[in-house]
Amino acid sequence: MAGRPHTPRAPRRPGAPRASAPGFAADSSRAFIPLVAFAVIAALFLVRLVYLQVIVAPSYASQAEQARTVGFDIEPRRGTIYDRNGTVLAVSVDATTIYANPSEVEDLPGTAAALAGVLGGEAADYQNALSAGTSTFAFIQRKADTAVADQVRALDLKGIYFIADTKRTYPNGRVGAQIVGLTDIDGNGLSGLEKYYDDILSGEPGRYEAERGRDGTPIPGGVHEETPAVDGQDIIISVDIELQQYVEDRLLADKEGLTSNGGSSVVMDAETGEIYAAASLPLLDPNDRENIPAGATELKVVTHLFEPGSIFKSVSAMAILESGTMTPESELFCPSEIEADGYIISDAHDRGDATFTLEQIMDQSSNVGISLATENATANGVSGFENLYNKINEYNLHTRTGVDYPGEGEEGTEYLGALLPFDKWGKVQAYNISFGQGVSVTPLQMTRFYGALANNGVECTPHFLIGKPQSGETPEYDTEKVIGSEKAVADMTDMLKTVVTEGTGKDAAIEGYNVAGKTSTAEIYDEVNGGYRKGVYNMAFTGFIADSTGPQLVCFVGANETEYGSIVTPVFKDIMSTAIDRFQIMPE
15 MAGRPHTPRA PRRPGAPRAS APGFAADSSR AFIPLVAFAV IAALFLVRLV
65 YLQVIVAPSY ASQAEQARTV GFDIEPRRGT IYDRNGTVLA VSVDATTIYA
115 NPSEVEDLPG TAAALAGVLG GEAADYQNAL SAGTSTFAFI QRKADTAVAD
165 QVRALDLKGI YFIADTKRTY PNGRVGAQIV GLTDIDGNGL SGLEKYYDDI
215 LSGEPGRYEA ERGRDGTPIP GGVHEETPAV DGQDIIISVD IELQQYVEDR
265 LLADKEGLTS NGGSSVVMDA ETGEIYAAAS LPLLDPNDRE NIPAGATELK
315 VVTHLFEPGS IFKSVSAMAI LESGTMTPES ELFCPSEIEA DGYIISDAHD
365 RGDATFTLEQ IMDQSSNVGI SLATENATAN GVSGFENLYN KINEYNLHTR
415 TGVDYPGEGE EGTEYLGALL PFDKWGKVQA YNISFGQGVS VTPLQMTRFY
465 GALANNGVEC TPHFLIGKPQ SGETPEYDTE KVIGSEKAVA DMTDMLKTVV
515 TEGTGKDAAI EGYNVAGKTS TAEIYDEVNG GYRKGVYNMA FTGFIADSTG
565 PQLVCFVGAN ETEYGSIVTP VFKDIMSTAI DRFQIMPE
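Okay, so the sequence shown: first residue is 15 according to my numbering, each after it adds one.
Think of the hints as simulated: they come from the structure by calculation, not from any bench.
In this text the structure is predicted, and so the values were computed from the model without any measurement.
Each hint can be trusted.
Derived lysine-lysine pairs resembling PhoX-like cross-links, with alpha carbons at most 25 Å apart: (1) 405 / 495; (2) 501 / 405; (3) 269 / 548; (4) 405 / 438; (5) 209 / 482; (6) 441 / 548; (7) 269 / 520; (8) 441 / 405.
Per label pair, the in silico range of CB-to-CB distance: (9) 438 / 368: 29 to 35 Å; (10) 390 / 364: 21 to 27 Å; (11) 543 / 354: 19 to 25 Å; (12) 87 / 306: 24 to 30 Å; (13) 437 / 543: 26 to 32 Å; (14) 499 / 563: 21 to 27 Å; (15) 305 / 563: 40 to 46 Å; (16) 488 / 395: 41 to 47 Å.
Quick reminder that beta carbons are idealized off the backbone N, C-alpha and C, glycines included.
Kindly produce the complete structure, drawing on both the sequences and the hints.
Printed below as a string of structure tokens:
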């Protein structure tokens, strides 16, 4: 049987797909995956490249620059402080600050040991600074002596660098140091005139900032900022360093008196307000920073209040004379004691009833006498006690002196010292205030008042600054006539002279001169138990050389918490005798 004829199939063209080859779709997918993965990886690399080159490149460049950049403030040279005769009291001298770039230190133990060998201390003391990671700046020693720094420089230590600097020195040591004051390591005033006149002395700091290469040398053109420092101005102050040294030595010499619990003194020109010398114990040694006694940085004649006691009787007597109710020769019966508000008031020395002139009340320092004389000084409808209150304010004994020294009372208030408003005065308070108890002042306030007695009733602002040599400026200070009657001033001065020739101040007398002044033996208020402490007193003497030519110097001397006795008048005599010789003060 015949079959159907066979028709041959046309051959497949090369490359033509099979119409229905099994597994074709799976093979195609496997080929596509590597292509996608490659594209994703390429895209990630591209994004990373853009991120590194465009987005974070400036930040990395900045970090790299900072890693090789060193920058520091340039401290200006602080102004010099001179005494009135041109003696240097404080000066900035050349020094060298030594620092490290820790990132460049290769031999940490060896470098630390080498530094310790020159600068002192232990190698471990320098390890922290030298191992400060990627830091480019760490202090090794600030303001080292230039000779010491040269020894370190000679070691040629990798990563150790040097900055020209200055440091503050005090050529006179402790002499005048309380007045001059101290600065910190950065040259900022901490106390005294260094603090008060910091804005004048300090100048303006500069700035240095530059890039360094791997070997530590500056990169050419790598200075980013170089602002020169502006040096501070010099000042001339009123202190006479020779008299200042004598005052300090004399205070220290009285070991059983002034130095036991602290003494102080100030010498001021009544006609100008210039302070020639001032000191209070304990003294300050600026070259022994590790052993500064408590209170040594304060000039207590300016900063500390005290109840003045009988030197305040001159204030009451001046108010009485100005009221016209008594003259120095006027007599007043003074019983041995008087009573007020349940309290008994008597004199420091036992005595019977007596009749005293006002001059004798001052000579004998009678508490009873000055109390009664003040009470009786009623004039023009004003009671004697109110008159005293008014005069205390008129004589500026309740306001700051305005001295250019830090620490005189609270900032922002003109008042200084304790003085009850007059409407709060009871009779016993009034009596007490008349002889200097229940009222507080500073030694400088009392010195200014006695200066008015030596200067025909005119008070001058106490001060230290007298000149700025760079600018040629001479500061001017306020004066005020606080006592209108020159006759009253002359009578008061005569009474104070009698205190020295015939009364309680005999040990202050200087042969050939008329010394006018007043003693004080003030009781000390007990802050814990109330009332006044038994057996200890604040002793003081304030006075001046009357009827003389030359500087009209007024001197206060005080001793704290001492037993009863005349210990301050000999100190006054010695200080003023020295001043007489030094400044050629002559009797008229």
